[in-house]
Amino acid sequence: MRHLLSTKALTRDEAIGLLDIAEDMAAVQEREVKKLPTLRGKTVVNLFFEDSTRTRISFEAAAKRLSADVINFSAKGSSVSKGESLKDTAQTLQAMGADGVVIRHPASGAPHLLATSGWIDAGVVNAGDGTHEHPTQALLDAFTMRRRIHGAAARGKGLDGIRVVIVGDILHSRVARSNVWLLETLGAETTLVAPPTLVPVDTAGWPAQISHDLDASLAEHPDVVMMLRIQAERMHGAFFPDSREYSRLWGLDDGRFAQLPATTMVMHPGPMNRGLEIAAAAADSPQSTVREQVANGVSVRMAALYLLLSGGLD
Amino acid sequence: MAATIIRGATLPDGTRADLKLEGGLIAEVGSIAGASGAETIDADGLIALPGLVDLHTHLREPGYEASETILTGTQAAAAGGYTAVFAMANTYPVADTAGVVEQEARIGRAAGYATVQPIGAVTVGLKGERLAEIGAMAASQANVRVFSDDGFCVFDPLLMRRALEYVKAFDGVVAQHAQEPRLTQGAQMNEGALSGELGLAGWPAVAEESIIARDVLLAEHVGSRLHICHLSTAGSVEVVRWAKARGIAVTAEVTPHHLLLTEDLIAGYDARFKVNPPLRTAEDVQALREAVADGTIDIVATDHAPHPLEAKEVEWDAAANGMVGLESALSVVQAALVEPGHLDWAGVARVMSATPARIGRLAGQGADLVAGVPAELTLVDPAASREFGLGDLRGRSVNSPYLGRTLPGAVVHTFHQGYATVRDGALRPADEIAALAAGSER
Chain P
1 MRHLLSTKAL
11 TRDEAIGLLD
21 IAEDMAAVQE
31 REVKKLPTLR
41 GKTVVNLFFE
51 DSTRTRISFE
61 AAAKRLSADV
71 INFSAKGSSV
81 SKGESLKDTA
91 QTLQAMGADG
101 VVIRHPASGA
111 PHLLATSGWI
121 DAGVVNAGDG
131 THEHPTQALL
141 DAFTMRRRIH
151 GAAARGKGLD
161 GIRVVIVGDI
171 LHSRVARSNV
181 WLLETLGAET
191 TLVAPPTLVP
201 VDTAGWPAQI
211 SHDLDASLAE
221 HPDVVMMLRI
231 QAERMHGAFF
241 PDSREYSRLW
251 GLDDGRFAQL
261 PATTMVMHPG
271 PMNRGLEIAA
281 AAADSPQSTV
291 REQVANGVSV
301 RMAALYLLLS
311 GGLD
Chain E
1 MAATIIRGAT
11 LPDGTRADLK
21 LEGGLIAEVG
31 SIAGASGAET
41 IDADGLIALP
51 GLVDLHTHLR
61 EPGYEASETI
71 LTGTQAAAAG
81 GYTAVFAMAN
91 TYPVADTAGV
101 VEQEARIGRA
111 AGYATVQPIG
121 AVTVGLKGER
131 LAEIGAMAAS
141 QANVRVFSDD
151 GFCVFDPLLM
161 RRALEYVKAF
171 DGVVAQHAQE
181 PRLTQGAQMN
191 EGALSGELGL
201 AGWPAVAEES
211 IIARDVLLAE
221 HVGSRLHICH
231 LSTAGSVEVV
241 RWAKARGIAV
251 TAEVTPHHLL
261 LTEDLIAGYD
271 ARFKVNPPLR
281 TAEDVQALRE
291 AVADGTIDIV
301 ATDHAPHPLE
311 AKEVEWDAAA
321 NGMVGLESAL
331 SVVQAALVEP
341 GHLDWAGVAR
351 VMSATPARIG
361 RLAGQGADLV
371 AGVPAELTLV
381 DPAASREFGL
391 GDLRGRSVNS
401 PYLGRTLPGA
411 VVHTFHQGYA
421 TVRDGALRPA
431 DEIAALAAGS
441 ER
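Chains P and E, in that order, give the protein sequences. With full-length UniProt numbering applied, the first sequence corresponds to residues 1 to 314, in that order. With full-length UniProt numbering applied, the second sequence corresponds to residues 1 to 442, in that order.
I should point out that these hints are in silico values taken from the structure, not numbers from a laboratory. No experiment lies behind these values; they were computed from the predicted model shown. Possibly wrong hints are sitting among the right ones.
Here are a few chain P residues that face chain E, going by a calculated C-beta distance under 8 Å [as the list claims (entries may be wrong)]:
| hint | residue |
| --- | --- |
| 1 | G83 |
| 2 | L86 |
| 3 | K87 |
| 4 | S108 |
| 5 | A110 |
| 6 | H112 |
| 7 | T116 |
| 8 | G118 |
| 9 | T131 |
| 10 | H132 |
| 11 | R177 |
| 12 | V201 |
| 13 | D202 |
| 14 | T203 |
| 15 | A208 |
| 16 | I210 |
Ideal placement from N, C-alpha and C gives every residue a C-beta, glycine not left out.
Excised from the complex, chain E in its bound form (with noise of 0.2 Å):
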């Protein structure tokens, strides 16, 4: 494969400077010198970041391959600047044995848009029973280290306790969804005004919280990693605030919803905005931006939840909770972080690809553009603006909350393996992808 050249790219820390990509890796950053048989890229005002990692992707596959696959998600994932999704458990079958978190690894490498990292299940079947053979999925070729019931709270406090405990042996770390059961049976909004006057079930911010300090007392006691999945409340970085302060090992993501949409989006009741935890208010989506800021909250991952028609075109109650974001995720911490001060682009890098890489102990992901590295990168421009459309989804599902909102900044160049995945904004077939990634394999 010939060697890339990108020049002027300004890198995260606001300097600028040409990158070129062989053999796989980064192989020199600075100002380099033209080179014969070289492919140049112009990247003047673009923004050269990490690839993006996503803790938390849905991808459907195996079992609901209606709503998407591997492929298909994580061509949406290289679309959105993503070079590695962690795939959530929750298929069918399960991924909660060796032999399903293999093939799903294999299948996106076979697909070669982005590492796909299998997360396993906690749990036998997402039942919150008895432990999944979390020994056998670390053991594997997949290498799993991140184990979620997600889509479930683990609430068994004592299954939880023993999860956390026999995750250490592998350094794994349990990511949890808090939930408490029983406080949102039915659930289907925020609890609060606006619950009440909709006469939607209220899910109440305590349900979450409650878990998430029970959880946080429980990773203390028995000295365990613990993660917590798309934080959604004020109260919620309250706790984990004072658990980082307390030392201890917690971590927490949010949603790019979360950081940028409200609850009042419910009124017209369009399940297009039914997610799960639901949208909050806007003094929450204040207390997660500055969270983020702070470092209390240390992950922005994308809980892209493809879902059909079907599931969305129906009355609020009957209609399944989730919504895309992998294509949107950038831009969106762009209008709801950056552009408000939250965040400079080497917190983006930090939150969207270094951190979740280091939390799901993902290798090869994450790092700084620096020689050496292996060539994991995206390419932003951030001065665009676009009103995000159909166009701009590249998954199977279009079930996103940002259809007709206009977003700022676009990704205009993906490399993933040292090859491009996106060029000038456009994804590149699945037959070439699938051949350089056969290529890289060897």
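For reference, chain P alone in the conformation it holds in the complex (with noise of 0.2 Å):
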């Protein structure tokens, strides 16, 4: 694997290897020693042109847990700031013998286009652009499913006939996109739930299903629900009237969390505003994989950087 853009892009070999390979890491971290020495010598650049502490130490976490050299390189207080182009900086970091980026960008298609235009020879792994696609969190999403229903078994398995519910802002979401295709490519079937205003225009080449009735759609009691969470300036653009509305119609709150089976995983990938898409009773629950996501995905970049910093399935 040269580079990781999308889910989208993904055979299913392709993304059960890559679980698989998540597997033999998240066996790595129960060790006393969590540091493996794969990467030594590697440099990886984690250049994010927009915030976001979480993602960027988790990969930071991986990286090092395979012992690469990782450099921060944050948009904010660098160059990138006084308006220097994109090209320039791959061209800077491709000069310093970047052997990894790992870009995440408000531009849908920065990570394409800094993997395509030959300003630098490093794999490229796209940690989030624009409202395009965020493959890692999709991966480390379906990972956590995957060992939730499978636990011990779970290696070589798909999501075969898992019903996926995600609620929340589709149309500006790229986890619900990256979620989209891989659920699709791993087997299992997918129900979008949103505002009308909240959905892409035309969806009927998505393999999913559109609802804009949440309460229907968790009546079907499906295997997980995923909250997505909702920007309240949203508002301002007339998405939604405001923000006691959206959380009466689509957040997750006590009366619909008490109405899902017990064996329904509650899943967001955060950070949450609680009391808005979710309660605190449903985001605290035994049934809630919100810090178990945060754990596999470190796990999951791992393995991503694995295979494309080392060359393995090609």
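With the hints as a guide, dock the two chains, each given alone in a separate frame, to form the complex.
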């Protein structure tokens, strides 16, 4: 695997192969010495044009546990904020000998540009681009689902027949897009629940059902309910009237949570708006996978960096 | 200047004839005996078209000479078979006063590759707040008849009404860039299935169609001429078709790229394909081609929009909108309209020369190739085929979406004011052309 830019481009074998390597990485995390020598002498640059402490430290931990040297390059406080182009930044990293670049960028397609422009030879991991994709988030979500369902027997398995409901701002969500493609590839059935204003105008080609009725979707007792972070600023764009109405219609509140079977997983990519899209009772319940998602994120990102920088799964 | 005899050219109507150019005019058309001292051009297999007229060109001068100048832009025009270009007003300073438009026309005349007919801004600074000095520009030596805020929509409905009314005093026309600004805030590509997948903010067809619908009704109400720039959707075609059936004085243009290219080229986030209005779907392309064929769309205009490399070698959201198009337009029209049978060469002469000259009230251009008209013509080899490359671009910028694509046809000779600006496929040098232009002014 040369780059990891999207889940749409992943085959089932590639996706399951990556999740299986993540299982190996997770096993290492349970050892007293959590570090592997695999990427010793390699340099990984975390190139973040958007603030995201959670994603950055997850990638940083993943790279360090593989013994790579890590350089954090934040657009804030760098020459980028003085108007340096992506091209010049890329060529600077190339001159410094970066082997891998983990890029988070507000513009959709920026990682694709970096990977295909010829400006840099490094492997590129998309750590979230605009409203396009966030592939490692979807992979860690799939990893989390697979572990909860199959436990120690997860290796080699997909998510066939698993029913997943994703709730929230689908229109602006790179997490939702990456999940939709990956869940389809792994055999799951996806329903997207959102107000009509927060769904793209044409989703006919998406392998997902679209619903505007959260109660009806939850009444079908899905295996997974994934709540997306809602940005309260969206109300200024007339996407919904106010946060109270959003919460009442599309929030996982105490009443809705109580209706769910005890086997339904409650997921959230974080950071959560407690009391807005998710109630505390749901977030803190044993059904919640929020903390597992964070831990699994490191394992999945170790697997991704391992595959890109040591040339596996070609 | 010695006479030129063009032997055996195929005229747009399919007949073959010799043409004699003398004293800046087409002196004779028919079977012409050899004349001593006349230069002879063998035009066997070549189609003679009236010199092409582009109603929508961005020449970038004054103000953005890193992208294009009047000289380099008209060189690109000549290479593409054009003998006249209408220069859009979004320069710096904006072409909203008589001084700027006169300067543009004068520089164009001195360069000598093509007639430069300035377009005046509708509103001061293109800001959409108050009318520019339309009367002063109309009465200036630049003789402006087309007014446009292109790049921006004249969105305020009252201001648009007033502009439509006001230009009537000068037999002018308002060329509208139809884009509802609120519906296209931050828009990056055509809104549809692909924009949702790529995560790029959508530019919905309704944002164009709703403005066209409003403006044809305004034009009807006040009895004015309206021209729609770069129409790009099937729905816009329906609105214009309806308006023409009602007898509203609306004309419409389409760009070559909207006749050939579709939005799926954007999947690789290559900003060469970023343009405003955006590339649309295959269904839109088909509707636009049929609309040219049935006359709903009157003309093809390039929207030639040069940008320096650094404006395109960036992430999609940050990239500039626009493509260069003068050098490739005729080949694209051949591929999109002639080869599929939507248009014959007489139709090409109509939509790329005669009608744009008439809409823009530009005398001396777009005339049928008959004795007595100014010698403004181009000779095209329709049997040629080439991989379009950097060597085909003659302007200052290289943001062409066709690089690497095989296109039919080639411009072999172009004549402006009776002298060749392009001979045997090669642009003639700037100093020679400037001298010829100075000579023809005397």
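Evaluated hints:
no., hint, verdict
1, G83, "violated, 11 Å"
2, L86, "holds, 6 Å"
3, K87, "holds, 6 Å"
4, S108, "holds, 4 Å"
5, A110, "holds, 4 Å"
6, H112, "holds, 5 Å"
7, T116, "holds, 7 Å"
8, G118, "violated, 11 Å"
9, T131, "holds, 4 Å"
10, H132, "holds, 3 Å"
11, R177, "holds, 7 Å"
12, V201, "holds, 6 Å"
13, D202, "holds, 4 Å"
14, T203, "holds, 6 Å"
15, A208, "violated, 12 Å"
16, I210, "violated, 11 Å"
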